[in-house]
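Q: Sequence lines, in order, name chains A and B.
Numbering follows the numbering used here, with no gaps: position 38 of the first sequence is 38.
Numbering follows the numbering used here, with no gaps: position 114 of the second sequence is 114.
No lab work stands behind these hints, which were simulated from the structure alone.
Taking beta-carbon pairs under 7 Å as the criterion, some of the chain B residues facing chain A (in silico):
no., residue
1, D82
2, L85
3, F132
4, I133
5, V136
6, I139
Once the Cα atoms are required to be at most 25 Å apart in a straight line, the calculated DSS-like pairs of lysine-lysine come out as:
no., chain 1, residue 1, chain 2, residue 2
7, B, K118, A, K118
8, B, K8, B, K115
9, A, K159, A, K10
10, A, K115, B, K10
So these bits of chain A aren't anywhere near chain B, every CB distance computed over 10 Å:
no., residue
11, I6
12, E25
13, Y32
14, P33
15, I37
16, N46
17, R53
18, R67
19, K109
20, E148
21, I170
22, C182
For each residue, glycine too, the CB sits at the ideal point set by N, CA and C.
There are 2 protein chains.
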Amino acid sequence: MTDFLISKIKQYVEVDDADIDLINELFVKEKYPENTIVLSQGSVCNKLWFISRGLLRFSINVDGDERTFVFRNEGSFTSDIDSLLKKTPSTKSIITIEESELYSITYEKLQLLYKKMKNGERFGRLLVEETFIGAVNHIVSFYSEPPEKRYIKLLDQNKDFIQRIPQYHIASFLGIKPQSLCRIKKRIYKTN
Amino acid sequence: MTDFLISKIKQYVEVDDADIDLINELFVKEKYPENTIVLSQGSVCNKLWFISRGLLRFSINVDGDERTFVFRNEGSFTSDIDSLLKKTPSTKSIITIEESELYSITYEKLQLLYKKMKNGERFGRLLVEETFIGAVNHIVSFYSEPPEKRYIKLLDQNKDFIQRIPQYHIASFLGIKPQSLCRIKKRIYKTN
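Whenever a hint applies, use it, and build me the whole structure from the sequences.
A: Okay, here's the thing in structure tokens:
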């Protein structure tokens, strides 16, 4: 059941049979219909999730205006790391775009995984390093690049699932109106 | 010599005698006069530093305008983690405010430390987690809080060394002109 999860953990560290038993014991399968809240802005995030199937988006509610700022697809680990580590209310929501199957591990069990898995601490370090790089890239891109450039990057980096994301979420991600996204797409496809 | 460094590492993990030998072997002492570049924007950051004495600032050059955005004092580990991990050119400079004494470890030796120190991987995880939280807090604060609030927070969180930072660096950190900082200070001291 957790084969996909285990194969992903193996991309970070070596995993033996005892580790696999531990992973099976500590992770719990969760299923969500489409457009369903996994984590609600304002609540403390107490889990790390692995997406075994489906598609999620992260969004922030700014004065009633809901802005999507990250997409995560199957094969990704995801969480609000900041809220998870500090036990403070999350500044964002995590919402399914499609029906999704996730494997979740609570903060407490994650500490157990780090401790008991042969290369648990190393797995944790590599996971946080990767999340850190992703977050920095995202922020730098958001504040320094125009929507058109960010759209091309989004297409480029997310070939596998970009066609599964509704256009209004993509427009929200770019910080523009759907009509402006239409114009950008016309321009791009005319040039290429 | 590295007593301060070792006592700081002990705040993250247990350290035994073999670990101490390793730390002494892998870290190198560096001394910098005041106003000296430790890391230059555009070059790849290949080190993690521990500040045993002194004060540093992080700055970004935006179209010729140099903006300070972080201060780090003695007892802190510091690096451009993003550049260090990805081996990409750093998007910031690290510059001394005062004469400073640092202990540096190269990326390659840091990997050795993670591997060979008893709790090396755990130390690495906790260090990156802490850096992650700091970076997120900083970014959220910068984009969501007015200069006056950020100034009060800066005073509050950096009581130990705030008086050692020249006013023009503080103004730069707040994204305002030195005259505006004067007005903010007058307002604050009048109210209290």
